[in-house]
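Chain U is already provided as a structure; the job is to place chain P with the ligand on it using the hints.
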Amino acid sequence: MFSLRQASALAREPDVSAVVEATERFLASASGPACFRQARGDPEAAVDAAAFGRLAEVGLTGALVPEDLGGLGFPAGVAVLLAERLGWSLAREPFVENLVLPYALLLALGNNARAHALLGGMAKGGSVVCVAFQEGAFALPSAEFPVARIEKVGNGLRLRGRKRFVVGARASTHSLVLAPLEGEAALLCVPSGAAGVTRQDKLLADGTFWSDVEFDTVVAEDALIERGASCIAALENALDVANLALSGELYGLQTRILEMTLDYLKTREQFGQPLGAFQALQHRAVNLYTRAQIGRFLLGEAVDATETSAQAQYASRCKARTADSALEIAKEGIQLHGAIGFSDEYDLGLYVKRILVRSAWLGGADFHRRRLESFELAEAAA
Amino acid sequence: MNALAPIDWNSLSDSDFRAELRGFIEAKFPAHLRNHPRRIPRWEDTREWFGTLSAKGWIAPNWPREHGGMGLTASKLLIYFEEVERWGIPRLYDMGLFMFGPVLIRHGTEAQKREYLPKILSGEHRWAQGYSEPGAGSDLASLRTMAIPEDDHYIVNGHKTWSTFLDDATHLFLLACTRNEGRKQDGISLFITPLDVVGIERRLITTIAGHAELGEVFLDNVRIPGANMVGPLHGGWGIAKDLLEFERINNGSPKLGLYALNQLQEYAKRTGLAADPRFAERFTRLRLDLQDQSCAYRHFCSLLKAGRTPGPEVSLLKIWSTETYQRLAELFLEVAGEEGVEADRVDVPGALAALRLYYRSRPATIYSGSSEVQRNLLAKRVLGLPAPK
Ligand SMILES: Cc1cc2nc3c(=O)[nH]c(=O)nc-3n(C[C@H](O)[C@H](O)[C@H](O)COP(=O)(O)OP(=O)(O)OC[C@H]3O[C@@H](n4cnc5c(N)ncnc54)[C@H](O)[C@@H]3O)c2cc1C
Chain U
1 MFSLRQASAL AREPDVSAVV EATERFLASA SGPACFRQAR GDPEAAVDAA
51 AFGRLAEVGL TGALVPEDLG GLGFPAGVAV LLAERLGWSL AREPFVENLV
101 LPYALLLALG NNARAHALLG GMAKGGSVVC VAFQEGAFAL PSAEFPVARI
151 EKVGNGLRLR GRKRFVVGAR ASTHSLVLAP LEGEAALLCV PSGAAGVTRQ
201 DKLLADGTFW SDVEFDTVVA EDALIERGAS CIAALENALD VANLALSGEL
251 YGLQTRILEM TLDYLKTREQ FGQPLGAFQA LQHRAVNLYT RAQIGRFLLG
301 EAVDATETSA QAQYASRCKA RTADSALEIA KEGIQLHGAI GFSDEYDLGL
351 YVKRILVRSA WLGGADFHRR RLESFELAEA AA
Chain P
1001 MNALAPIDWN SLSDSDFRAE LRGFIEAKFP AHLRNHPRRI PRWEDTREWF
1051 GTLSAKGWIA PNWPREHGGM GLTASKLLIY FEEVERWGIP RLYDMGLFMF
1101 GPVLIRHGTE AQKREYLPKI LSGEHRWAQG YSEPGAGSDL ASLRTMAIPE
1151 DDHYIVNGHK TWSTFLDDAT HLFLLACTRN EGRKQDGISL FITPLDVVGI
1201 ERRLITTIAG HAELGEVFLD NVRIPGANMV GPLHGGWGIA KDLLEFERIN
1251 NGSPKLGLYA LNQLQEYAKR TGLAADPRFA ERFTRLRLDL QDQSCAYRHF
1301 CSLLKAGRTP GPEVSLLKIW STETYQRLAE LFLEVAGEEG VEADRVDVPG
1351 ALAALRLYYR SRPATIYSGS SEVQRNLLAK RVLGLPAPK
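Protein sequences appear in the order of chains U and P. Count the first sequence with our numbering and you get residues 1 to 382, in order. Count the second sequence with our numbering and you get residues 1001 to 1389, in order.
Isolated chain U (complex conformation) (with noise of 0.2 angstroms):
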């Protein structure tokens, strides 16, 4: 009823299936609600190196990343067709953050031999990568960051500043940083164990981790991989993908909520009936399907689309459409349970705290919306 294989073409493709299948096998075996509750608030439970192996073993580690350097060189489509069995699975795997926004920002980079070096390494599952580009709440990149600076020192380059609201940072073997040098936007891999880098965990509402991340730090030359405006540009690049990526992510723990809401009520009874042949909770249930699938054809088109112009147009969409959704799904499915979707030993809230936290990163809903309407005015004035 909600799969995503009827909606995009591109999930109907063998060898698309065959690692989706993969991994859905991996989530049935090795992931799911009861290691997420297991790890939540757990500090050390999300920078298990054996997951990572694990992930590389079932492909996701190299998924994106072309073959001649090592991957499988699918398209960014599968990133979100990926994510999307994660977040039904409600995986703790640091997917969307280490596995897909770090590599599409690479890839965007176009022929960059340190980028390709470092992507090989990243295929592998050996080099695990976050991006460190916020500094407050979430906007697009521009060369002018407040805080953080690089400069030129002797035979090096120092970096100081502040990032915040890295997600992934603490599985990671680098960070990709940006920030300004000489005036123009520059992008430094810096080493997560080089001196002056201090990160400080955040608990977030759900029990993983998000972290901001303090650079007084100096790094040999070779550590820039790009500068200019085409760093700005890959990173909002990437950006979409992400963003479609988590919309998958969204999409995959909404379905899970409604699923289970539906079975609720066709189990629970009160007033001698079960609580679904209330027609007024009919109707409920109905809207919430509409919305869910709203999103589903929306994603489905967006798959197809990833790597076209449209891209950006659809990333947007796409995380507005499905974060409000999830949301909604969220508070619905916690009210049609009743008292117990309030209490921490059932399995939704997991899912709802999970979804309060990723439908705030990289940009909620409403700010895509403005970015939507930024793009009818521009097309407008065009």
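Watch out, some of these pointers could steer you wrong.
[What the hints assert, rightly or not] Below, in silico cross-link-like pairs of lysine-lysine (DSS-like), each with a Cα-Cα straight-line distance of 27 angstroms or less:
(1) P/1389 / U/266
(2) P/1119 / P/1389
(3) P/1241 / P/1389
(4) P/1269 / P/1119
(5) P/1056 / P/1119
(6) P/1380 / U/266
(7) U/266 / P/1184
(8) P/1028 / P/1056
(9) U/331 / U/266
(10) P/1380 / P/1241
(11) P/1269 / U/202
(12) P/1241 / P/1113
[Claimed, not checked] If you anchor each label on the Cβ, the simulated ranges turn out as follows:
(13) P/1384 / U/290: 29 to 37 angstroms
(14) U/37 / P/1285: 36 to 44 angstroms
(15) P/1265 / U/28: 46 to 54 angstroms
(16) P/1270 / U/37: 29 to 37 angstroms
(17) U/373 / P/1011: 54 to 62 angstroms
(18) P/1302 / U/277: 35 to 43 angstroms
(19) U/42 / P/1313: 31 to 39 angstroms
(20) U/374 / P/1381: 48 to 56 angstroms
[Claimed, not checked] Coverage of chain U stretches by chain P, computed from C-beta distances (three or more under 8 angstroms per stretch; other residues unrestricted):
(21) 194 to 205
(22) 279 to 288
(23) 324 to 335
(24) 344 to 356
FYI, nobody ran anything at the bench for these hints, they're computed from the structure. Glycine residues also receive a C-beta, built at the ideal position from the N, C-alpha and C atoms.
The following block gives chain P with the ligand in isolation, referenced to the frame of chain U:
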């Protein structure tokens, strides 16, 4: 009861009354309890303030003066709530004050009133409500807890759940079946029991906000003296419904939303968000929803003061109040963005309140008659719409 001669607070002008309250609160309320992270702080945290209010004669603003309350009119009661929420004062162990006390005043025997009312006012007795059961939520009348007479006692067996305040409650008022035939509603009685008697076990339930403030009560051959029945035998359902009306008026007061509104407004000013016209439009809409709710609240309270029951219409107040509260909390969490979902400081007083208000507001549309149940009532009993065949 308090030693002070009862004062007629209603004879003060609104502004004098407000000034009096505000002065007292600002001088006496313990600063570390302001904007408390828990929906209901533990008894040991709030007992001092409870005692302060109690000694002043201000703990039961809604009770008649002859029973030790303030006997406030609806307008004065609103001022009372406004001042409490303005100062970010957390919820007290108020089940006795707002729910059980008023019922006892109406339906209790003289002996019960003498025994229990003063101890509610002093905080010595803290009440929890034992209505819901695993199989009896919205369909409360299907409850299965049984009370069987034996000499001058009742032997009670059953399983209650979702009782708020169970962590620090001392007493339970509960509904149990006292007759097996006929309409279920006509065979239910209301009992009271201390929680520390033989045969009662409690198990606390943690909420999605991470607080173990609710719980299950297992009753295994609990002996309840016949004198601890409130109201007539088999007459518990009517009293329970009466009590639910108090509960609905109480939940219909703007105090829930007021606190969320205050917190959101402060945040919007501090961050500059208030200047964003898109935000301002949404905020003003909600502010007016809350402000206009006060008029309806005053109306229903004044019916109650005049000795009339508020009637089934009061459901509209509960729906409006709780849903407005939720929308305020949702807007707050939305605009707080990334910071809103950082939970590190969710339990630290003074931290951003968005996430905890989101959690706190969720169950308001579930407890004391869910929004769906209220809508069913309004459709049937107020609009006169026919029942499905
Ligand atoms: C925070 C909190 C505090 C509580 N405190 C107490 C307490 O102190 N004492 C106590 O006894 N109980 C308490 N409760 C329990 C509360 O009274 C019940 O949760 C409530 O009656 C709903 O029952 P339920 O949870 O079993 O949901 P259900 O009755 O199973 O309902 C599930 C969903 O179905 C809907 N529904 C049910 N019937 C219909 C219908 N006919 N038409 C349309 N929709 C319908 C409901 O509205 C709800 O959305 C508390 C609950 C919460 C969440």
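Taking the hints in turn, this is what the structure says about them:
Note on residue 1389 of chain P and residue 266 of chain U: the hinted pairing holds, with a Cα-Cα distance of about 20 angstroms set against a maximum of 27 angstroms. About 49 angstroms separates the Cα atoms of residue 1119 of chain P and residue 1389 of chain P, which puts this hinted pair outside 27 angstroms; it is violated. With a C-alpha separation of about 25 angstroms, the suggested pair residue 1241 of chain P and residue 1389 of chain P falls inside the 27 angstroms cut-off, and the hint holds. For the given pair, residue 1269 of chain P sits about 43 angstroms from residue 1119 of chain P by alpha-carbon distance, which is inconsistent with the 27 angstroms threshold.
Restraint check for residue 1056 of chain P and residue 1119 of chain P: the C-alpha separation of about 15 angstroms stays at or below 27 angstroms, so the hint holds. Straight-line distance between C-alpha atoms of residue 1380 of chain P and residue 266 of chain U comes to about 25 angstroms, which keeps the hinted pair within the 27 angstroms bound. Taking the CA atoms of residue 266 of chain U and residue 1184 of chain P, the gap is near 25 angstroms; set against the 27 angstroms cutoff, the hint holds. Simply put, residue 1028 of chain P and residue 1056 of chain P have alpha-carbon atoms about 11 angstroms apart, close enough for the 27 angstroms limit, and the pair holds.
Taking the CA atoms of residue 331 of chain U and residue 266 of chain U, the gap is about 19 angstroms. The hint holds against a cut of 27 angstroms. With a CA separation close to 16 angstroms, the supplied pair residue 1380 of chain P and residue 1241 of chain P stays within the 27 angstroms bound. Between residue 1269 of chain P and residue 202 of chain U the alpha-carbon distance is near 25 angstroms, which keeps this suggested pair within the 27 angstroms criterion. A distance of roughly 20 angstroms separates the Cα atoms of residue 1241 of chain P and residue 1113 of chain P; the hinted pair therefore holds under the 27 angstroms criterion.
Between residue 1384 of chain P and residue 290 of chain U the beta carbons are some 31 angstroms apart, a value that agrees with the proposed interval 29 to 37 angstroms. Checked against the hint of 36 to 44 angstroms, the pair residue 37 of chain U and residue 1285 of chain P passes, with Cβ atoms roughly 38 angstroms apart. Our hint of 46 to 54 angstroms for residue 1265 of chain P and residue 28 of chain U holds, since their Cβ atoms are close to 47 angstroms apart. Range check, residue 1270 of chain P to residue 37 of chain U: about 35 angstroms between beta-carbon atoms, so the 29 to 37 angstroms window is met.
Taken as a hint, the range 54 to 62 angstroms holds for the pair residue 373 of chain U and residue 1011 of chain P, whose Cβ atoms sit roughly 57 angstroms apart. In this structure, residue 1302 of chain P and residue 277 of chain U meet the distance hint of 35 to 43 angstroms, their C-beta atoms being roughly 40 angstroms apart. A hinted range of 31 to 39 angstroms is violated for the C-beta pair residue 42 of chain U and residue 1313 of chain P, which are about 50 angstroms apart. Distance hint check: the CB atoms of residue 374 of chain U and residue 1381 of chain P are about 51 angstroms apart, consistent with the given range 48 to 56 angstroms.
Only residues whose C-beta sits within less than 8 angstroms of a C-beta in chain P count toward coverage, and the region 194 to 205 of chain U has 4 of them, enough to reach three; the restraint holds. Counting residues of the region 279 to 288 of chain U whose beta carbon lies closer than 8 angstroms to any beta carbon of chain P gives 3, which meets the minimum of three for the stated coverage. Counting residues of the region 324 to 335 of chain U whose C-beta lies closer than 8 angstroms to any C-beta of chain P gives 4; at least three are required, and the coverage claim holds. Against chain P, the region 344 to 356 of chain U contributes 6 residues with a C-beta closer than 8 angstroms to a partner C-beta. That satisfies the three-residue criterion, and the hint holds.
Violated hints, in rising order: 2, 4, 19; the structure is consistent with all others.
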